[in-house]
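Number of protein chains: 2
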Amino acid sequence: MELLQRHIPIIRWLRNYTKEDAICDLIAGISIGLTMIPQSIAYASLAGLSPQTGLNSAFMGCMIYAFLGTIKEVVIGPSSLMALLTYEYTRSLNMDFVVLLCFLCGIVEFIMGILRLGFLVEFISSPVVSGFTTATSVIIVGSQLKGLMGIRFKSNGFLDNIYQLFANAHKLRWGDTILGVACIIILLILRKAQELKVPETWKYRNYVKKGLWLVSLGRNFLIVAAASFVAYLYKNNGYQTPFVTTKAVEGGIPSLTLPPFSTQIGNKTYDLGEMVTELGTGYIVIPIIAVLANVAIAKAFVNGPVEATHEMLTLSICNIIGSCVQSMPTTGAFTRSAVVSASGVRTPIASIYAAGLALMALGFLGPYFHYIPRATLSAVLIAAVLFLIDWKIFCDLWKKSWLDFFCVTFTLVSCLALGIEVGLLIGVMMGITHLVYKTSRPPLNIEPGKEVTTVSGRNGLYFSATDYFNGKLQKYASGSDTVIIDCSTFSGIDFTAAKGLASLINSFQKRGQKLMLVNVPRKWKKLLLSAGVKEGYIRCESMDEFNCENMQLLLQIEEPTKTETSQHTEKDGNHSA
Amino acid sequence: MELLQRHIPIIRWLRNYTKEDAICDLIAGISIGLTMIPQSIAYASLAGLSPQTGLNSAFMGCMIYAFLGTIKEVVIGPSSLMALLTYEYTRSLNMDFVVLLCFLCGIVEFIMGILRLGFLVEFISSPVVSGFTTATSVIIVGSQLKGLMGIRFKSNGFLDNIYQLFANAHKLRWGDTILGVACIIILLILRKAQELKVPETWKYRNYVKKGLWLVSLGRNFLIVAAASFVAYLYKNNGYQTPFVTTKAVEGGIPSLTLPPFSTQIGNKTYDLGEMVTELGTGYIVIPIIAVLANVAIAKAFVNGPVEATHEMLTLSICNIIGSCVQSMPTTGAFTRSAVVSASGVRTPIASIYAAGLALMALGFLGPYFHYIPRATLSAVLIAAVLFLIDWKIFCDLWKKSWLDFFCVTFTLVSCLALGIEVGLLIGVMMGITHLVYKTSRPPLNIEPGKEVTTVSGRNGLYFSATDYFNGKLQKYASGSDTVIIDCSTFSGIDFTAAKGLASLINSFQKRGQKLMLVNVPRKWKKLLLSAGVKEGYIRCESMDEFNCENMQLLLQIEEPTKTETSQHTEKDGNHSA
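Quick mapping for you: the protein sequence lines, in order, are chains Z and B. For the first sequence, the UniProt record's numbering gives the first residue as 1, with consecutive numbering after it. For the second sequence, the UniProt record's numbering gives the first residue as 1, with consecutive numbering after it.
A few of these clues could be false.
It does not matter which identical chain is used: a pair holds within one copy or between any two.
Stated by the list, open to error - Below, a list of computed lysine-lysine pairs in the DSS-like style, where the Cα atoms sit at most 25 Å apart:
| no. | residue 1 | residue 2 |
| --- | --- | --- |
| 1 | Lys235 | Lys534 |
| 2 | Lys525 | Lys400 |
| 3 | Lys534 | Lys247 |
| 4 | Lys19 | Lys450 |
| 5 | Lys534 | Lys523 |
| 6 | Lys19 | Lys534 |
| 7 | Lys247 | Lys400 |
| 8 | Lys209 | Lys392 |
| 9 | Lys510 | Lys450 |
| 10 | Lys268 | Lys525 |
| 11 | Lys19 | Lys235 |
| 12 | Lys526 | Lys400 |
| 13 | Lys203 | Lys154 |
| 14 | Lys523 | Lys197 |
| 15 | Lys523 | Lys399 |
| 16 | Lys400 | Lys450 |
| 17 | Lys525 | Lys392 |
| 18 | Lys268 | Lys154 |
| 19 | Lys192 | Lys526 |
The hints are simulated quantities; they were obtained by calculation from the structure and are not laboratory data.
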């Protein structure tokens, strides 16, 4: 049971599932379904694919995630990132390649999960998540503004999008703009509805409170439904709507078939090997980006550790089974997480309702979807994403941690200027660079003295720190006869650092100084010896614990050999201790 | 003067330049010159360029390095790596692009030097250098075997080379093979000549010893001269040589002109911008590889720190001025370093003689170079490189440091299988991964107790360690009422880790436990507060130094608030201490 709960998390939720949870999930599920369906179609067309592909992907992603997912805010389906990358890798190929790509991505994600690469998640720092979140939110607001204003253009990244928005501002359609802005205002007001103070004297106080809460949570669904009703009224009475509506969905229930392992374009037949070759690096790059984006989204919403390996495996299963219903590569999408979080989701079970809606859209609801105004959908996305823009972190970090401040700023700017996948990678790289820099500059405590200089440290002594360590010692410890390095204060050593110590001992010896390693952890000894440190310079930890009292003793024992050291280095190693 | 010495290192060498140094440098310089000239021509043709380009590059590289270089074993000129990369980026373009590429590489290296990216050198660990050195030596032996055996073929990497060698073994020419093997044997014997014991009774003992020493050092030069003389005798008497000789050099003294900033291919004229675009990522990739390879070579020969930034700037000047004499991108070459080191080089001044030879080859010596047998050159390279193969490190590291062992093995294998530039990058990446892993698993010392659990650590507490740290504390510290983290034992903190502490305090609080941060370094306080840690949970270092005696005191002070904590979190922060 324990095992089953770990691997099929839906069991965990269902054990303590309350009526309130069920209502919240239902509302969130319908809200996200209504947002997701037109969005999936849009993303599919971004990748040059049919609306049905988008809906199939959304259906399968949600369905599987509801059972296997652990993060309530994640909703698996097509995303703009995946759509763009899929288009990049399959633009001159046919649908079979897309499905195979989806399958291969699943396989690669599965391998990443099996190899427990989930620990990679630990390298996305909180400033990087903040920068990524804010940038993504800003980009989404930017890209939804055209829907809100009823303008149509194709843009190439955020900056181009903003430029085009101004260039095309004269094409603004008032119908869409008014509807969109009104929707945003209503959404923002409804968001606050549940905080309204109901006078305690009212008779139906509890019902009113519950009603307000329901309206507040279901605002995304309500606004879409209401706007669609307006559109329905227009169209049913034979009028043209004053705003743009989404396209009707054609389709049919998806059927399970194995992904295609061979295909034909024109006269040429491709076998599996050739297909894989044609896809290039796609099945490596897309899974990495998918996992990274999914985790960055999860981290933005979850306060605490993320079961990264489990999430990777879940995503892989979504993609592998997805490829059996002809879907495109899927992952979590930031917009969906924002909407589902704003709609008060409680468990991943909400995804089932979204999957149900997607299935209904494919089956028979399809034609009705063309009543949904585009401006309303844009409004829902903008209103959900607006509160994720995290300007506060800049104040939090300003003058408190320059490096973190620089990291969040740089991630934000790179995401906006170069695209979120590149920005995210740059942020992660910056973090790693910082870590690596820290290991190469370990804190040292050198206490110089005329006779004895003692050296202690705190972190590990690794290859990247070798030059720094040797340089510091050459600089500050060259005045005294004996230099003592307390090895127990360092948390680790590697071969390069050991060789560095050996060459340091040699160069001190040439100047007639003596450099001793004391309190050496037993397990270091072999490594030090094989790196060329003579045994006479090593004092092991338990052998003779070094402290200030027996230091004099140590020096006395060593005294006789000291004058010879520069001559007979070979023998020196053996006749001490 | 101090400053001048630092920037123009030739002044350093000249101040203590002895007659012996001069002889050594002369011998090494001529040896390397004779090896370098045919090699430069070969590398130039590998890049699809004229012999003159190769010689120009060698001349300018050596000339400038002699004045500005700091590592006696480095000889700047064309290298196989640079040739292959240049070919990769300019294969469909003309000579002007090659020269511009050389110029741009110089500029980029200059920028890297100015930005003090020299510290990157610290990230090449000693096992990586060993793996790289051994792999390169093995590759060179492999690639020179065909010259030694008089076979001709084009190969694609090391493995293909070995395969082709066996496939073409039947084409072996006995003349070349016998000459080559004889040369190797003579070289190995001469190498030992200076160690010969001359009987003390001999009259001219000192002269004999000096003579042996000279012969031993000059062996590379002597063997080339002797073999060429044999070839000369054959050709002069109207016979065909029984072995292959190198091509004659055509050329002319190079003239200084600015690198081309526009060019024409067919009917199309390219301006500077278009030329740069055509070169793609070449002017980024080539400098990085050039610098990395140069430093890896330097590290393989130098025992001690390398002035990496200075070397970068020197390399950049070699390339920038090189581009003014129509040269290709240059860097140090492993083969040349091996030969120059085997010939007993003392200072970089040796390069001047090599440059002089290259100039003479361009001017009038050209025709005479076609007497040099190819097999002899191969023998010189093989004999020089043979002693760089470092099998000992495998024994040194076996069972002593698994990670370093794995690192050297993996670097070796990747260099052989994927090419040395890829292998080098993989090795560096592995080292960095290891460092980063270390920072994400800091050593922790958790002492659980019924009432109080104390936690101390050693390394820094950074974002990569946050999940690990929180996980450990949740696991081992959940039994006691109070958990105390001694912050002074950690060497640093960042925003993500601070947020992690805040969420840890919250989750302990929810369970009715208290988590205190004691001995907090003063400069952390602001960061902790802005990450959401309440002031009441922070005890700064000097405020009340924490130790076992006053721990009880601390607990008593806190006792009253402990029961309230789970309720009034907002106020809690202010009414303590």
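Hints and how they fare:
1. Lys235 with Lys534: neither (92 Å within a copy, 58 Å between copies)
2. Lys525 with Lys400: between (42 Å within a copy, 9 Å between copies)
3. Lys534 with Lys247: Classified as neither; 79 Å inside a copy, 52 Å across copies.
4. Lys19 with Lys450: This pair counts as neither: shortest intra-copy Cα distance 78 Å, inter-copy 40 Å.
5. Lys534 with Lys523: Cα proximity of Lys534 and Lys523: one copy only (16 Å, versus 42 Å across).
6. Lys19 with Lys534: neither (73 Å within a copy, 36 Å between copies)
7. Lys247 with Lys400: neither (51 Å within a copy, 67 Å between copies)
8. Lys209 with Lys392: Classified as neither: same-chain Cα gap 31 Å, cross-chain 79 Å, threshold 25 Å.
9. Lys510 with Lys450: within (18 Å within a copy, 56 Å between copies)
10. Lys268 with Lys525: Neither: 64 Å inside a chain and 67 Å across chains, both beyond 25 Å.
11. Lys19 with Lys235: neither (38 Å within a copy, 102 Å between copies)
12. Lys526 with Lys400: Between copies, since 6 Å is at most 25 Å while 44 Å is not.
13. Lys203 with Lys154: Neither. Shortest intra-copy (55 Å) and inter-copy (93 Å) distances fail the 25 Å Cα cut-off.
14. Lys523 with Lys197: Neither, since 67 Å and 43 Å both go past 25 Å.
15. Lys523 with Lys399: Intra 43 Å, inter 11 Å, cutoff 25 Å: inter-copy only.
16. Lys400 with Lys450: neither (40 Å within a copy, 36 Å between copies)
17. Lys525 with Lys392: between (51 Å within a copy, 18 Å between copies)
18. Lys268 with Lys154: neither (33 Å within a copy, 32 Å between copies)
19. Lys192 with Lys526: neither (67 Å within a copy, 33 Å between copies)
Going through the hint list in order, the structure does not satisfy hints 1, 3, 4, 6, 7, 8, 10, 11, 13, 14, 16, 18, 19.
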